[in-house]
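Trainee: Chains as they are written, first to last, in my numbering: chain A, 1 to 402; chain B, 1 to 402.
Keep in mind the hints are simulated off the structure, nothing from the lab.
Watch out, some of these pointers could steer you wrong.
[As the list claims (entries may be wrong)] EDC-like mimics (lysine to aspartate or glutamate), calculated; alpha carbons at most 20 Å apart, straight line:
1. A/Lys348 x B/Glu124
2. B/Lys359 x A/Glu124
3. B/Lys348 x A/Glu93
4. A/Lys130 x A/Asp23
5. A/Lys359 x B/Glu124
6. B/Lys348 x A/Glu124
7. A/Lys348 x B/Glu93
8. A/Lys62 x B/Asp333
Residue strings, one per chain:
Number of protein chains: 2
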Amino acid sequence: MQMTSENSIEVTAFTWPTGFYSDATHAGLKEAQDDMGWLYSQVPASAAGVYTTNQFQAAPTKLTKATINRQYQLQAVIVNSGNANSCNGSQGETDALMMQSLAANKLQIDQQLVAVASTGVIGEPLPMAKIKTGISQLALSQSVGITQAVLTTDTHSKTITVKCLIDQQLVTITGFCKGSGMIHPNMATMLGFVTTDAAIDGQHLQELLSTTVDETFNQITVDGDTSTNDMVMVMANGMAGNKPLTQNSDDYPTFVQAFKRVLTHLAQEIAGDGEGASKLVEVNVTGAFNHLEAQQVAKAIVGSNLVKAMIFGADANWGRVMQAIGQTTAHVDINGVSVSINGMQLVKNSVAAIVDDHKVSASLNNKQVSIAVDLNAGVAEGTAWGCDLTYKYVQINASYRS
Amino acid sequence: MQMTSENSIEVTAFTWPTGFYSDATHAGLKEAQDDMGWLYSQVPASAAGVYTTNQFQAAPTKLTKATINRQYQLQAVIVNSGNANSCNGSQGETDALMMQSLAANKLQIDQQLVAVASTGVIGEPLPMAKIKTGISQLALSQSVGITQAVLTTDTHSKTITVKCLIDQQLVTITGFCKGSGMIHPNMATMLGFVTTDAAIDGQHLQELLSTTVDETFNQITVDGDTSTNDMVMVMANGMAGNKPLTQNSDDYPTFVQAFKRVLTHLAQEIAGDGEGASKLVEVNVTGAFNHLEAQQVAKAIVGSNLVKAMIFGADANWGRVMQAIGQTTAHVDINGVSVSINGMQLVKNSVAAIVDDHKVSASLNNKQVSIAVDLNAGVAEGTAWGCDLTYKYVQINASYRS
Chain A
1 MQMTSENSIE
11 VTAFTWPTGF
21 YSDATHAGLK
31 EAQDDMGWLY
41 SQVPASAAGV
51 YTTNQFQAAP
61 TKLTKATINR
71 QYQLQAVIVN
81 SGNANSCNGS
91 QGETDALMMQ
101 SLAANKLQID
111 QQLVAVASTG
121 VIGEPLPMAK
131 IKTGISQLAL
141 SQSVGITQAV
151 LTTDTHSKTI
161 TVKCLIDQQL
171 VTITGFCKGS
181 GMIHPNMATM
191 LGFVTTDAAI
201 DGQHLQELLS
211 TTVDETFNQI
221 TVDGDTSTND
231 MVMVMANGMA
241 GNKPLTQNSD
251 DYPTFVQAFK
261 RVLTHLAQEI
271 AGDGEGASKL
281 VEVNVTGAFN
291 HLEAQQVAKA
301 IVGSNLVKAM
311 IFGADANWGR
321 VMQAIGQTTA
331 HVDINGVSVS
341 INGMQLVKNS
351 VAAIVDDHKV
361 SASLNNKQVS
371 IAVDLNAGVA
381 EGTAWGCDLT
391 YKYVQINASY
401 RS
Chain B
1 MQMTSENSIE
11 VTAFTWPTGF
21 YSDATHAGLK
31 EAQDDMGWLY
41 SQVPASAAGV
51 YTTNQFQAAP
61 TKLTKATINR
71 QYQLQAVIVN
81 SGNANSCNGS
91 QGETDALMMQ
101 SLAANKLQID
111 QQLVAVASTG
121 VIGEPLPMAK
131 IKTGISQLAL
141 SQSVGITQAV
151 LTTDTHSKTI
161 TVKCLIDQQL
171 VTITGFCKGS
181 GMIHPNMATM
191 LGFVTTDAAI
201 DGQHLQELLS
211 TTVDETFNQI
221 TVDGDTSTND
231 MVMVMANGMA
241 GNKPLTQNSD
251 DYPTFVQAFK
261 RVLTHLAQEI
271 AGDGEGASKL
281 VEVNVTGAFN
291 HLEAQQVAKA
301 IVGSNLVKAM
311 IFGADANWGR
321 VMQAIGQTTA
331 HVDINGVSVS
341 INGMQLVKNS
351 VAAIVDDHKV
361 SASLNNKQVS
371 IAVDLNAGVA
381 EGTAWGCDLT
391 YKYVQINASY
401 RS
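Please construct the entire structure, taking both the sequences and the accompanying hints into account.
Mentor: Structure follows, in structure tokens:
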């Protein structure tokens with residue numbers, strides 16, 4: 001077990017929390033790899049979700065949102081890749097409902113306890129015969145197959161398991177996700193799934209998820225595009241046996257920390273595996289007027305095509321960072337900004353600092369790049385993650401369907 | 001002379017309006033090409049400007065804004081490329097003032113009638129000895145050299161001359177610009193200059209410029225980045241002899257049309273010459289709730305990296321257009337959107353329309369691509385221009401300084 005810096009929170013090998021089962025199969029939506037899977041909890045779990053803000057919300061995304069918001073409860077999630085079931089009109093809504101119903105029947109649970117998530121090509125009808133076959137093939141196991149079956153252009157699966165003691169009970173939080181950023185309108189989508197055996201009611205879980213997503217998934221950017229199917233959901237089945245967590249529980253801060261660790265890891269994994277990305281970029285902003293502005297500036301820097309291309313080219317061209325800062329509406333001390341790249345200060349009081357910029361440029365060849373900015377306008381901080389802009393990004397997106 | 005569709009507005013060969021003089025020279029800021037120039041009007045001209053919204057406004061941009069806003073009058077503009085005089089602190093401000101003063105002395109006019117524009121590398125002090133030499137070399141001529149001397153990574157100069165009859169006098173409007181979009185933080189900047197011999201007072205000119213820029217320069221995007229030095233300015237010296245134009249003048253609509261034609265042409269030229277661009281893209285949005293939303297949606301589509309990469313790859317992947325629309329906050333009939341590319345309808349009522357999409361993909365190999373979107377949410381319209389996202393864009397920006 002790898003100990004983390006936070007006391008009593010441990011990152012462990014992948015395992016499902018108590019009472020969670022899973023499976024994956026090949027339903028024929030993709031050529032060879034598994035393309036369907038499900039998650040199942042032995043007992044109904046508290047549930048929460050956050051959903052894409054794109055106005056063309058896909059049918060499964062709308063259905064899942066309505067399902068979770070009914071009672072903040074879920075017992076299963078059925079997932080497919082290869083087809084997003086998006087922009088398919090009323091046929092899409094019928095098909096999403098049918099997928100939910102087929103999974104519920106097979107699991108012998110209430111349809112209202114099943115979430116549906118789809119990712120893949122937009123605007124092609126969901127092949128329901130294949131979906132039906134796929135669901136009939138799914139069983140209940142400890143398999144990790146679903147973490148592969150949800151992938152599209154991702155280069156690898158993205159998972160994490162964290163354990164902590166809550167109310168003297170061992171609590172497990174396991175998350176996985178897919179997406180090379182919110183950047184795939186076709187093999188669409190960023191999807192995140194978190195399971196835990198902690199006891200916590202649905203409303204509290206929803207608050208925690210919404211807050212934590214703002215600090216993690218919403219602070220990554222690959223190209224600024226938001227899919228019609230983006231969604232992060234969490235299920236907490238209470239089987240760890242702790243007293244239900246509230247904001248007043250002694251161990252609530254530990255749980256929050258563990259939960260945030262899971263989402264941070266998954267968000268970083270997505271940023272670092274952005275389409276065509278060769279480097280993970282982290283931007284830390286300090287000295288901001290408030291936290292929101294710190295987050296805004298961090299995301300503006302990490303999202304600038306010019307900054308991203310400069311990192312790809314290993315060129316410590318700090319004017320691009322200044323320009324990205326200046327484009328925001330955040331409070332900035334126009335004559336007091338500092339910028340460091342990989343720990344070396346390039347800008348002091350908004351003008352060039354004396355530094356060996358060849359050394360800084362050389363350090364941009366690292367697989368991980370950090371940019372630190374002090375706005376000198378307050379004491380708030382914020383962080384965002386992204387990746388570089390490469391030839392491969394253009395190639396992937398220029399020839400996606402061919 | 002090429003007649004345009006609007007009666008009495010003609011696009012002609014390049015010529016300066018009556019009373020305008022210009023010159024260009026090599027001051028040594030760039031290796032071989034001309035890198036300085038000026039514009040001069042025989043008499044003080046009404047003047048107006050619009051300036052970058054980037055918080056780190058460069059010293060010459062700030063100085064020019066203050067100069068113009070004093071009385072909406074100018075008699076000359078001094079311009080250099082190769083150095084943006086941006087992020088240089090108080091030294092930058094001193095140098096911009098000195099550049100203004102040197103030009104005024106040489107021209108024997110009031111310093112307060114001289115605008116200054118710089119474009120080039122950020123964060124390096126302006127080499128004042130070279131600037132001084134450059135100004136000493138400038139003369140008054142009918143040369144078009146300044147339209148070349150302002151260029152940085154542009155592949156060609158961008159100019160237009162339009163003539164029309166105003167109050168029975170022949171009025172000339174001549175514009176030129178530089179910039180491969182608002183995308184160069186280093187060899188920075190989009191700069192636009194418009195000269196006319198029409199008579200119109202400064203306040204009216206400022207109103208006209210601000211309104212027209214919103215419809216033209218502000219509707220182009222190459223990569224969404226805004227330089228510290230962006231600026232469009234106009235000088236109107238009244239030497240055509242018309243009665244000063246106001247909104248009540250009989251021929252005001254003709255002048256507005258001619259003026260807009262100049263700015264539209266320059267904006268399109270910049271979009272089509274975007275860094276690495278191989279195609280000019282025009283997006284027309286109809287059926288919008290209001291004009292602002294139409295403009296917002298048009299710009300969101302033309303600015304989406306995914307749409308841009310799809311056009312580069314000649315892949316009629318309409319899900320990307322839908323996704324870009326859905327990301328905006330504009331009113332949209334979620335089930336009633338139409339999308340056409342190069343005149344062929346791909347989406348009807350927000351789902352796939354029957355079309356030969358290979359034919360549409362093939363049409364994306366044209367040098368000009370048009371996308372038409374009907375939001376079905378009103379009667380307003382809007383247009384934006386941009387370019388495709390290419391390997392060359394990444395290459396240029398990854399290795400800019402090397």
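Trainee: The structure should be examined with respect to each hint, and the outcome stated for every one.
Mentor: Hints versus structure:
For the hint pairing lysine 348 of chain A with glutamate 124 of chain B, the CA-to-CA distance comes to about 14 Å; that is within 20 Å, so the pair holds. Restraint check: the Cα-Cα separation between lysine 359 of chain B and glutamate 124 of chain A comes to about 19 Å, which is no more than 20 Å; the hinted pair holds. Taking the CA atoms of lysine 348 of chain B and glutamate 93 of chain A, the gap is near 18 Å; set against the 20 Å cutoff, the hint holds. Distance check on the hinted pair: lysine 130 of chain A and aspartate 23 of chain A sit about 17 Å apart at the alpha-carbon level, within 20 Å; holds.
This hinted pair checks out: lysine 359 of chain A and glutamate 124 of chain B have alpha carbons roughly 19 Å apart, not beyond 20 Å. Pair hint lysine 348 of chain B plus glutamate 124 of chain A holds up; C-alpha atoms about 14 Å apart against a cutoff of 20 Å. A C-alpha spacing of about 18 Å is found between lysine 348 of chain A and glutamate 93 of chain B, which places the hinted pair at or below 20 Å, so the restraint holds. The straight-line distance between the Cα atoms of lysine 62 of chain A and aspartate 333 of chain B is roughly 17 Å, inside the 20 Å bound, and the hint therefore holds.
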